[in-house]
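K.L.:
Below are the chains, spelled out letter by letter.
2 protein chains.
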Amino acid sequence: MTEIIKVSYQGIAGAYSHLACLNYFGENVMCCASETFEDAMEMVEEGNVDYALIPIENKTAGRVDEFYGLLPNMKLQIVGEHYQKIEHCLLGVEGSSLDDIVYAYSHPQGLAQCRNGLNELGIKQVAQFDTAGSAREVAKLKDKSLCAIASSLAAKTYGLKILKENIQDQKDNFTRFIVLANRKEILIKSDRAYVTSMIFKVKNVSSALYKALGGFAKNDVNILKIESYIPLGKLEESHFHIDVDGSLESEFVKKSIDELKKYATKVKILGTYEKNTLRIEKNDS
Amino acid sequence: MTEIIKVSYQGIAGAYSHLACLNYFGENVMCCASETFEDAMEMVEEGNVDYALIPIENKTAGRVDEFYGLLPNMKLQIVGEHYQKIEHCLLGVEGSSLDDIVYAYSHPQGLAQCRNGLNELGIKQVAQFDTAGSAREVAKLKDKSLCAIASSLAAKTYGLKILKENIQDQKDNFTRFIVLANRKEILIKSDRAYVTSMIFKVKNVSSALYKALGGFAKNDVNILKIESYIPLGKLEESHFHIDVDGSLESEFVKKSIDELKKYATKVKILGTYEKNTLRIEKNDS
Numbered sequence: 001m002t003e004i005i006k007v008s009y010q011g012i013a014g015a016y017s018h019l020a021c022l023n024y025f026g027e028n029v030m031c032c033a034s035e036t037f038e039d040a041m042e043m044v045e046e047g048n049v050d051y052a053l054i055p056i057e058n059k060t061a062g063r064v065d066e067f068y069g070l071l072p073n074m075k076l077q078i079v080g081e082h083y084q085k086i087e088h089c090l091l092g093v094e095g096s097s098l099d100d101i102v103y104a105y106s107h108p109q110g111l112a113q114c115r116n117g118l119n120e121l122g123i124k125q126v127a128q129f130d131t132a133g134s135a136r137e138v139a140k141l142k143d144k145s146l147c148a149i150a151s152s153l154a155a156k157t158y159g160l161k162i163l164k165e166n167i168q169d170q171k172d173n174f175t176r177f178i179v180l181a182n183r184k185e186i187l188i189k190s191d192r193a194y195v196t197s198m199i200f201k202v203k204n205v206s207s208a209l210y211k212a213l214g215g216f217a218k219n220d221v222n223i224l225k226i227e228s229y230i231p232l233g234k235l236e237e238s239h240f241h242i243d244v245d246g247s248l249e250s251e252f253v254k255k256s257i258d259e260l261k262k263y264a265t266k267v268k269i270l271g272t273y274e275k276n277t278l279r280i281e282k283n284d285s
Numbered sequence: 001m002t003e004i005i006k007v008s009y010q011g012i013a014g015a016y017s018h019l020a021c022l023n024y025f026g027e028n029v030m031c032c033a034s035e036t037f038e039d040a041m042e043m044v045e046e047g048n049v050d051y052a053l054i055p056i057e058n059k060t061a062g063r064v065d066e067f068y069g070l071l072p073n074m075k076l077q078i079v080g081e082h083y084q085k086i087e088h089c090l091l092g093v094e095g096s097s098l099d100d101i102v103y104a105y106s107h108p109q110g111l112a113q114c115r116n117g118l119n120e121l122g123i124k125q126v127a128q129f130d131t132a133g134s135a136r137e138v139a140k141l142k143d144k145s146l147c148a149i150a151s152s153l154a155a156k157t158y159g160l161k162i163l164k165e166n167i168q169d170q171k172d173n174f175t176r177f178i179v180l181a182n183r184k185e186i187l188i189k190s191d192r193a194y195v196t197s198m199i200f201k202v203k204n205v206s207s208a209l210y211k212a213l214g215g216f217a218k219n220d221v222n223i224l225k226i227e228s229y230i231p232l233g234k235l236e237e238s239h240f241h242i243d244v245d246g247s248l249e250s251e252f253v254k255k256s257i258d259e260l261k262k263y264a265t266k267v268k269i270l271g272t273y274e275k276n277t278l279r280i281e282k283n284d285s
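Read top to bottom, the protein sequences are chains D and E.
Each step along the first sequence adds one to the number in the numbering used here, with nothing skipped, and position 18 is 18.
Each step along the second sequence adds one to the number in the numbering used here, with nothing skipped, and position 253 is 253.
Bear in mind the hints are in silico, worked out from the structure with no lab data behind them.
Keep in mind that this is a model prediction, so the values were computed, not measured.
Hints should not be assumed to be uniformly reliable.
[Said to hold, decoys possible] Only pairs whose alpha carbons sit at most 30 angstroms apart, straight line, appear in this in silico DSBU-like list of lysine-lysine: (1) E:275 - E:261; (2) E:255 - E:189; (3) D:211 - E:140; (4) E:211 - D:142; (5) D:164 - D:124; (6) E:161 - E:189; (7) E:189 - D:218; (8) E:255 - E:266; (9) E:211 - D:266; (10) E:266 - D:144.
[Unchecked claim] Examples of chain E residues lying across from chain D (beta carbon under 8 angstroms, computed): (11) 108; (12) 127; (13) 128; (14) 129; (15) 143; (16) 175; (17) 193; (18) 214; (19) 225.
All C-beta atoms in this analysis are idealised placements derived from N, C-alpha and C, irrespective of residue type, glycine included.
Can you make the complete structure from the sequences, with help from the hints?
P.N.:
Next comes the structure, spelled out in C-alpha cells:
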C-alpha cells in the first residue's frame, strides 16, 4: 500500500495552490483546503497534515507579504520549493461557447492578468474572491453568458468546460511556492543542488549589511535572492530575507552563516531544501 | 491665482491612490483617474498631467510587482515618496446603521485586512474590483443591508455614511507611493534629507553583489531598502532595486554609484527625492 501524503493549502478546491500540491507531490496526496495561511500552517504544527504549500512570490503580482509577517515566529521549516506555472483558462458551463460569454468572473488579479484578452473578446469583468471560487459560482449559476477565469483543475473540480486555454496576457507567469514541514532533519544527496533560506536583522544597514554578506562572498556562496522587509507593525525595523546556493551541510554555507552572525542579530535559518529545476536551468543559462 | 497641479493615479475617485494625491499635494490639485499604472504614467509622459502617484509597496500586502516590470524602460523620474495610512471604514447608505448590515463589499485584500472585525460583526464578505468601486456600487444599490469597505474619501465621493472607522485588523498599515514626473533637475536643499533610488543587474550574484555594495559601505551611505527582482518575462535575469540615503549631489552617493558601475550593468538612477518624514522618524528611533 502506498503511503498517502497529507498537505494543506490556502484557498478552496481547484485553486492554483491546490494544483501546486498535486504537481509537487504527485498522485498519492490528500489536499486539505484552509481559509488562511495561518490555518494551513497550524494544521502542520498540530500534526493533522504532513506539509503546507504556501505561495511566496509571483512574477506579475509580487511578494506575498502576508506570509512575511509570519516568518519570525514560524515553527516550521522550509523543506522544498515549487514553481507553479499560472495558466488561466476561460471556463463555461456545459453547452456554452465563447460567443455566448458576456461576463468573466475571477479574482481582480486574475482579471487584470487577462485584461487585453478579455477586451478583445468584448467580455466584461466581474470581481470575485478567488479564481476557484469564481468557477464554483459559475457552475452554480448554470448561466451560458458567464465564464470563470481559473485553472484547468477548477474546470475538473466544478464540472466546467474549458472554452479557451492560456488566456493571460503575460504567457510566462510563475508563482513560487515553499513547502513547509515540522521537521528539522533533511537527507542531503551529493548529486543534488540545494538552497538555504534565512532571515536576519542588521543594526546599521549600510556597512553592517555589507559586512554581513561578506562571508558569502568570501566563501563563494551565491546569493539567489535578497529582500529587505518590514515586519508587521514594526515600521522602525528592517529585516532581510536571503536565499543562498548550497545546503546547511556545506562547509562554505556554514562558514558564511558564522560570519553573518557577527554582524546580524536574529539570524533564523528557515530551511535547506532541494533547488527547483527551474532555478537550476536559470543559473546554467 | 494659485497654480493647479495635475496628477494621475490608478483607480477610480475615492481610491486610496486618490486620497494619497490629495494628502501629498494638498488643496490645489486636480486628480485624474486612470485604468492602469501604464495609463497613469503615459499621461505624464505626454504632458497631460504633471505627476503620477503609484503605490510601490504595502506593509500587509507586499510589493506591487506589476510596477516593477515597468521600471527598466520607464522614462519618468521618481521625484517624491509618500506613505499613505490605510484606514478602512464601513460605509453604508443614508439611514442605515451597523445593525442593518448583512454584506460588506470590497476588494478581496480590503476584506482580508478586516476579516476579524467583519467576523465579529457577523457581516458576510462580497468581493469587488476595488475599494472605491464597492462604495460606488453600494451607493447605487441604495440597500441598507449593504456596506462598503473603503476610505473616508470614498464616503464623501459617493455620498455614503461612515458607520465605523478604522476597522482593519492591523491598525498600523501603510502603502508607500512614489511620485513620478517628466523632469530630471531637482533643487536640493541643504537642510532636507534625500533618498536616491536605482536599479541594476550584476552578473555573478555572490561576490559581484557584495562588491557592488562595497562603494556604499566605504562611503558610509546607508542602504534603506534592497530587493532582488525578476523582470517580467525574464526568469533567467536577476535585477536589484536599492534605495539609499542622500541625494545625487552628495559626493558620497556619487562615489558609491561610480563604484557600483564597476561591478553592475544596466545601472539606472530612478530619481533623487526628499525623504518622507516617516522614514526620518524611523531612522532616528
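K.L.:
Take the C-alpha atoms of residue 266 of chain E and residue 144 of chain D, compute the straight-line distance between them, and say whether it is at most 30 angstroms.
P.N.:
It is violated: about 50 angstroms lies between the C-alpha atoms, which goes past 30 angstroms.
K.L.:
Next item in the hint list is residue 128 of chain E. Is there a CB on chain D closer than 8 angstroms to its CB?
P.N.:
holds, 5 angstroms
K.L.:
With chain D as the partner, please determine if residue 225 of chain E meets the hint condition of a C-beta pair closer than 8 angstroms.
P.N.:
With a closest approach of 5 angstroms, the residue 225 of chain E hint holds.
K.L.:
Check the hint pairing residue 275 of chain E with residue 261 of chain E against an upper bound of 30 angstroms on the C-alpha distance.
P.N.:
holds, 24 angstroms
K.L.:
Using 8 angstroms as the Cβ threshold, decide whether residue 127 of chain E counts as touching chain D.
P.N.:
Where the cut-off is 8 angstroms and the nearest Cβ of chain D is about 4 angstroms from residue 127 of chain E, the hint holds.
K.L.:
Please verify whether residue 211 of chain E and residue 142 of chain D have alpha carbons no more than 30 angstroms apart.
P.N.:
Status violated; Cα separation ~60 angstroms.
K.L.:
Need the status of pair residue 255 of chain E, residue 189 of chain E: alpha-carbon distance at most 30 angstroms?
P.N.:
holds, 20 angstroms
K.L.:
Check whether the Cα positions of residue 211 of chain D and residue 140 of chain E lie no farther apart than 30 angstroms.
P.N.:
Violated, at about 58 angstroms.
K.L.:
Take the C-alpha atoms of residue 161 of chain E and residue 189 of chain E, compute the straight-line distance between them, and say whether it is at most 30 angstroms.
P.N.:
violated, 43 angstroms
K.L.:
A closest beta-carbon separation below 8 angstroms is what the hint needs, so does residue 143 of chain E meet it against chain D?
P.N.:
violated, 18 angstroms
K.L.:
Measure nothing beyond the straight line between the CA atoms of residue 255 of chain E and residue 266 of chain E; if it is 30 angstroms or shorter, mark the hint as holding.
P.N.:
holds, 17 angstroms
K.L.:
Would the stated hint for residue 108 of chain E survive a check requiring a Cβ distance to chain D of less than 8 angstroms?
P.N.:
holds, 5 angstroms
Checked against the numbered hints given earlier, the structure breaks hints 3, 4, 6, 7, 10, 15, 16, 17 and satisfies all the rest.
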